[in-house]
Amino acid sequence: MLHREQMLVLAAAGAIVLLSSALPLGRLLTEIPGAGAAALRILSAPRPWLLLIRSLMLATAATACAVAIGVPLGLLIARTDLPARRFLWMLHAFPMFLPPFLLALGWFQLLGREGFLGSEVTDRLLFSEVGLVVILALTFSPVVTSMVALALLGMDASLEEAARVAAGPWRVATRILLPAARPALVLATIVVFALSVSELGVPMFLRVDVFPAAVFARLGGIQYEPGEAFALVLPLMPIAFGLLYIERRLVGAGSFAVAGLRGMSRAPIPLSGWRPTLAAASWSVAAAGALPLAALALRAARGGGFGQLPQWIGQAPWTSLGTATVAATVIAAVGLVVGHGAARRLRGASMLDALAVLTFVTPASVLGVGLIAVWNRPETSALYTSVAILVIGYTARYAVVGTRAVASVVLQSAVHLEEAAAAAGARFWRRLIWIILPVNLRGIAAAWLLAVVFCLRDFETAVLYYPPGREPLPVRIFTLEANGPPAVVAALAVAHVLMTALVLGAGGLLVPHRRPE
Amino acid sequence: MTAAIDLEGITLRHSERRVIDGLSLTVEPGEVLALLGPSGSGKTSVLRIILGFATPEAGTVRLSGEVASQAGRLVMLPEERGLAVVFQDLALWPHLSVAGNLAFGLKSGGATPREREARIQSILGRVGLAGKERSHPGQLSGGERQRVAIARALVREPRAVLLDEPLSNLDVGLKRELLFVFRDLLKERRNTVLYVTHDLREAAALGDRIAVMERGRVVQEGTLESLRENPASSFVRALLDDFASAGTARSAPGNF
Chain A
1 MLHREQMLVL AAAGAIVLLS SALPLGRLLT EIPGAGAAAL RILSAPRPWL
51 LLIRSLMLAT AATACAVAIG VPLGLLIART DLPARRFLWM LHAFPMFLPP
101 FLLALGWFQL LGREGFLGSE VTDRLLFSEV GLVVILALTF SPVVTSMVAL
151 ALLGMDASLE EAARVAAGPW RVATRILLPA ARPALVLATI VVFALSVSEL
201 GVPMFLRVDV FPAAVFARLG GIQYEPGEAF ALVLPLMPIA FGLLYIERRL
251 VGAGSFAVAG LRGMSRAPIP LSGWRPTLAA ASWSVAAAGA LPLAALALRA
301 ARGGGFGQLP QWIGQAPWTS LGTATVAATV IAAVGLVVGH GAARRLRGAS
351 MLDALAVLTF VTPASVLGVG LIAVWNRPET SALYTSVAIL VIGYTARYAV
401 VGTRAVASVV LQSAVHLEEA AAAAGARFWR RLIWIILPVN LRGIAAAWLL
451 AVVFCLRDFE TAVLYYPPGR EPLPVRIFTL EANGPPAVVA ALAVAHVLMT
501 ALVLGAGGLL VPHRRPE
Chain B
1 MTAAIDLEGI TLRHSERRVI DGLSLTVEPG EVLALLGPSG SGKTSVLRII
51 LGFATPEAGT VRLSGEVASQ AGRLVMLPEE RGLAVVFQDL ALWPHLSVAG
101 NLAFGLKSGG ATPREREARI QSILGRVGLA GKERSHPGQL SGGERQRVAI
151 ARALVREPRA VLLDEPLSNL DVGLKRELLF VFRDLLKERR NTVLYVTHDL
201 REAAALGDRI AVMERGRVVQ EGTLESLREN PASSFVRALL DDFASAGTAR
251 SAPGNF
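Which chain is which? The protein sequence lines are A and B, in order.
The opening residue of the first sequence carries number 1 in our numbering; numbering runs sequentially from there.
The opening residue of the second sequence carries number 1 in our numbering; numbering runs sequentially from there.
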């Protein structure tokens, strides 16, 4: 039985999720009957369908490559004696927190016709489907690496130790460790596929035709036709529901079972003779993620881009930081209530968690078009033309970061702590503030930080509806990329990288390092 | 006299398995009832039903005559039942000091700061933890944490105290020491207590009466002597044999 107070708190959190997520998606569903003629006209042509199939194939290829990189690397980082594996993990993971097109921009500085290592051949390769798949795979493989590594580190040590006395490292890895990380791996695969399908910046930069670009073109002025944009997002909705179905069937609460980094201090599995080879391979992958960033810095420095930065950067970093901080605070607060409820298997909370997952796996263009349909009207123009629309969009897309991260940490804290408080006469609100929040503070703070970074890196939703003159930094870089001086664009990209690094660094210092004992 | 805790015809299922099967049980005011049974017999489920953390499928839970749970419905929420609990893992709130752990329930009950201070000092003195108010659970020894847990349960002067195998993870010496502390405290304050255990020695040391549970039912209730005279099952007989062979039957309670 839910107490009235608990129901009210859950309802308030639910209202935020519903308002930001369900309303845009619901609005698009109600558009289906009305879309009639326009939808029929555009969707009866073979071109959108061919484009959709092409996008799905590219996303599948990028996901497969990311999994192929991420699974072995996650295993090596979490459970072997690979040298400096914590640092390797940080270096490899960092690009995951950046807008992917920034890395494409960096690869362009390296392999483009006039790049540091460029030639006709590398340029042709970069501006092709191969270039797109490789860049997306390198950008998103840290998602797989990190989720697999966290699952392995959270695993009960005795399961692994019982296997190690009976089998060699290879059998332990393939028969015990990887099956234990299966829910995390499935979730990582879904996340990478959803991000790849949504990706707009990289394919547009590399001139590879994909489905989200067709939607963007109809909203961004090139072929301005919002009615057609509505029609075009309709085929993407079954993909989102399909991903949600797979997530619920194969992952569900399994993805909550992640437990900190304690496992890093367990005795690692020795790589013996393989150590130098595997270390070289792992460091090469991590370096491949960092290389384009170095190229951007070099281009900016050589072209005097840093000197011109103040003229070009405008208010974009402040818009990015301000909206990301506010949205992350909302996401963390909603995550605390919904994530806690989902971890404790409250029915309403589990439904809200599913909605948050659905909004995340929904291609960003669908969400963007839905947000425009809901908020771009005279009654809400004050919101739509201000930075509030960015906060609403970020909250919708990244609410899942809060709910899943909090659910994961709540599951690691003993339910008896809350039950003892209830038995001591404390009602839900008091338990939430005095017991649940402080006991899980470290995880909630980490969820907040993660949400800030995800909002900072967002490009593909914000680009569809950013308010005039208040664009976030990734949007500013992208819009300048076509016509701005290359050294300035590179300097802006480096500024974004530094901003993200500073946020992560400061957050890392502020997040409590130890759980209360 | 109205029973402090009265369970009548309680049934509970977990994924189609009947964990509690038509169980009835009463604990009189001021009585210490030891609920004894093997692992998986449903003891902890009974405790959770009384606390309001599980809802029985059938049957009624009454607290001092008031219906608290009834056939699929919680009538009173856990925080409204006026009970206190000591879990096996103690569940001390790690971010609060010893005084904070004790004050939490008192604040929920609306005690004034002066009243809280006085009651916390009194109970901490009684359990031998005077001066430890500012320590956090992580800074205490295992025995001290046990004392904080029992102090936290008693400081609110609850309607009844429910203890779920609180001593099961301790070494023999500490268990013996704490058993004396528990027994003296509970007797002195005339608390109504339901003490869940799988150890007959603890049950005999603390309980005025012992109720033996097997497969979700109470198979026998009575004093240690009545159990000895007429053991109702092979489990009870095995427990008594073990108890006797350990030589504890002739010793002082808790001397093991």
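No lab work stands behind these hints: they were computed from the structure.
None of these values were measured; they are calculated from a predicted model.
All C-beta atoms in this analysis are idealised placements derived from N, C-alpha and C, irrespective of residue type, glycine included.
Where hints are given, some of them may not hold.
[Said to hold, decoys possible] Mimicking SDA-like on lysine to any residue, the simulated pairs with C-alpha atoms at most 20 Å apart in a straight line are:
| no. | chain 1 | residue 1 | chain 2 | residue 2 |
| --- | --- | --- | --- | --- |
| 1 | B | LYS107 | A | PRO486 |
| 2 | B | LYS107 | A | ILE433 |
| 3 | B | LYS107 | A | ALA22 |
| 4 | B | LYS107 | B | GLU117 |
| 5 | B | LYS107 | A | ARG427 |
| 6 | B | LYS107 | A | LEU432 |
| 7 | B | LYS107 | A | GLY227 |
| 8 | B | LYS107 | A | GLU419 |
| 9 | B | LYS107 | A | TRP434 |
| 10 | B | LYS187 | B | ARG209 |
[As the list claims (entries may be wrong)] Calculated from the model, a selection of chain B residues having no Cβ within reach of chain A, i.e. all distances over 10 Å:
| no. | residue |
| --- | --- |
| 11 | ARG18 |
| 12 | SER24 |
| 13 | LEU83 |
| 14 | PRO94 |
| 15 | HIS95 |
| 16 | ARG152 |
| 17 | ASP171 |
| 18 | ARG209 |
*Honestly, which of those hints from before does the structure not fit?*
Of the numbered hints given earlier, those the structure breaks are 1, 3, 7, 13, 14, 15, 16, listed in rising order.
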